[in-house]
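Asker: The lines below spell out each chain.
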Amino acid sequence: MSDARIDGYARALFEVARAEGTLDEVEDELFRFARSFESSDQLRNTLTDEVIPAEKRQAIVETLLGGKATATTTQLVGMVIGAGRGRDLPAIIDKLVQRASSAKKLEVAEVRTAVALSADQQARLKAALANATGKQLNLKVIVDPSVLGGVVATVGDTVIDGSVRSRLDNVKSRL
Amino acid sequence: MSVTTLLAVDPAESLHWLFPALPEVIYGGIASLTIFAALAKFALPQFKKSLAARSERIQKEIDASASDLATAEGDAARIRTALGDIDAERKRLLADAQAQADALLRDGRARLTAEVVELEAKADADIAAAAARSGDELRTEIGRLAGEATDRVIASVLDDSIQQQLVENFISKVGAGR
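Those protein sequence lines, which keep their order, are chains A and B. Start counting the first sequence at 1; every next residue gets the next number (this note's numbering). Start counting the second sequence at 1; every next residue gets the next number (this note's numbering).
Only chain A is shown next, with the shape it has when bound in the complex:
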């Protein structure tokens, strides 16, 4: 899909969420769904399979997110999947997150950890990253078991890697 079309979908989702007054929550839920969508081959293959009718794919989204996310998030994901743009869902959501952050004059900080972070840890991590980068941040936490331990933070082009995975890879490369 072209960048213009991705931008168009992201803008549409952004405006809907903002109009609903649930932008922060929807943005966070969409971001987490996008990461799950990227990491699960089965989910991605199912929701992008053109052989499966759009209504059935939308029903799968309803089943997955129903009760676990806001109705707006569920409807927005269902809309993108129903339009046959499932393959571009992560890119659309990333654009939406960027747009939302820009609207709040924030920079997106993507944080990957092996375990879930508490609200306190997220707040302190956000403050630490803001202190390190000198930017106001919109923190997005992704639980990624491949990190093994520690934290990998990406702010724009800057990557701060304090993961066990990277240390292990360094040891392997030295060996």
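It should be emphasised that the hints constitute simulated quantities derived from the structure, not laboratory data. Hints are supplied without guarantee of correctness; some may be wrong.
Said to hold, decoys possible - In silico DSSO-like links for lysine-lysine, alpha-carbon gap of 30 Å or less:
(1) B:Lys173 - A:Lys172
(2) A:Lys68 - A:Lys105
(3) B:Lys173 - A:Lys135
(4) B:Lys60 - B:Lys48
(5) A:Lys56 - A:Lys95
(6) A:Lys56 - A:Lys68
(7) A:Lys95 - A:Lys126
(8) A:Lys68 - A:Lys95
(9) B:Lys173 - A:Lys126
(10) A:Lys104 - B:Lys173
(11) B:Lys173 - A:Lys105
Stated by the list, open to error - One side only, chain B facing chain A, incomplete, derived with CB under 7 Å:
(12) Ile154
(13) Leu158
(14) Gln163
(15) Leu166
(16) Val167
(17) Phe170
(18) Ile171
(19) Val174
(20) Gly175
Even for Gly, the Cβ is constructed at its ideal location relative to N, Cα and C.
Once you've looked at the hints, dock chain B against the given chain A.
Answerer: Same frame as chain A, now just chain B:
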């Protein structure tokens, strides 16, 4: 018989029954001498001439035979020479054929030897490459398995307290970084 006896005898009579009458002897003798003289005068030259011609013809034939003999001997010599040449040519052709066959055999052996050497070198290289490839694959597989095993061991070692400690260390380090 005495002359008187002869004179006393009738000329028409023969003195002996075996001899002819005298006149007959005389005339016969004269006629014989005449015939002999005529023969000597006319027939003898012709006879001699004929004899000379015959001798000349025989001599010519002898000469022609000698010439033919010489020619035949020359031809025989030439044939013998030609036979010698043919034998030499046959030997030369056989020698050439043998030389070509030897060269062909030598080239064939050399080519086969080179091909065998090349095939052996290629086989050695293939074996070495296969051994190296197998070694690389084995090392890669061992590395992969070791990596997986390491990941599992580390994941089992990293309990929640250690995970939290790692996160806290990161926050502290990043927060103190500026």
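Asker: Could you run down the list of hints and mark each one as holding or not?
Answerer: A quick look at each hint next to the structure:
1. With a C-alpha separation of about 24 Å, the suggested pair B:Lys173 and A:Lys172 falls inside the 30 Å cut-off, and the hint holds.
2. Between A:Lys68 and A:Lys105 the CA atoms are separated by roughly 29 Å; this keeps the pair inside 30 Å, and the hint holds.
3. Restraint check for B:Lys173 and A:Lys135: the C-alpha separation of about 17 Å stays at or below 30 Å, so the hint holds.
4. Restraint check for B:Lys60 and B:Lys48: satisfied, since their Cα atoms lie roughly 18 Å apart, inside the 30 Å limit.
5. At most 30 Å may separate the alpha-carbon atoms for a hinted pair to count; A:Lys56 and A:Lys95 meet this at roughly 26 Å.
6. Taking the CA atoms of A:Lys56 and A:Lys68, the gap is about 19 Å. The hint holds against a cut of 30 Å.
7. The hinted pair formed by A:Lys95 and A:Lys126 meets the criterion: a straight-line CA distance of about 21 Å does not exceed 30 Å.
8. Between A:Lys68 and A:Lys95 the alpha-carbon distance is near 23 Å, which keeps this suggested pair within the 30 Å criterion.
9. With a CA separation close to 13 Å, the supplied pair B:Lys173 and A:Lys126 stays within the 30 Å bound.
10. This hinted pair checks out: A:Lys104 and B:Lys173 have alpha carbons roughly 27 Å apart, not beyond 30 Å.
11. Taken as a hint, the B:Lys173 and A:Lys105 pair is honoured in the structure, with Cα atoms around 26 Å apart against an allowance of 30 Å.
12. Evaluation of the B:Ile154 hint against chain A yields a held restraint, the C-beta minimum of about 6 Å falling below 7 Å.
13. The criterion of a C-beta within 7 Å of any C-beta in chain A is met by B:Leu158, whose closest approach is roughly 5 Å, and the hint holds.
14. This hint holds: B:Gln163 has a C-beta 5 Å from the nearest C-beta of chain A, less than the 7 Å allowed.
15. Against a cut-off of 7 Å between C-beta atoms, the interface hint on B:Leu166 holds, since the closest Cβ of chain A lies about 4 Å away.
16. With its C-beta approaching chain A no nearer than about 6 Å, B:Val167 sits inside the 7 Å limit, and its interface hint holds.
17. Interface restraint check: B:Phe170 against chain A, minimum CB-CB distance 4 Å, threshold 7 Å, status holds.
18. For B:Ile171, the interface hint holds, since its Cβ comes within 7 Å of a Cβ in chain A; the closest pair sits about 5 Å apart.
19. The restraint placing B:Val174 at the interface with chain A holds, with a minimum CB-CB distance near 4 Å, inside the 7 Å limit.
20. About 3 Å separates the beta-carbon of B:Gly175 from the nearest beta-carbon of chain A, less than 7 Å, and the hint is met.
Of the numbered hints given earlier, the model fails none.
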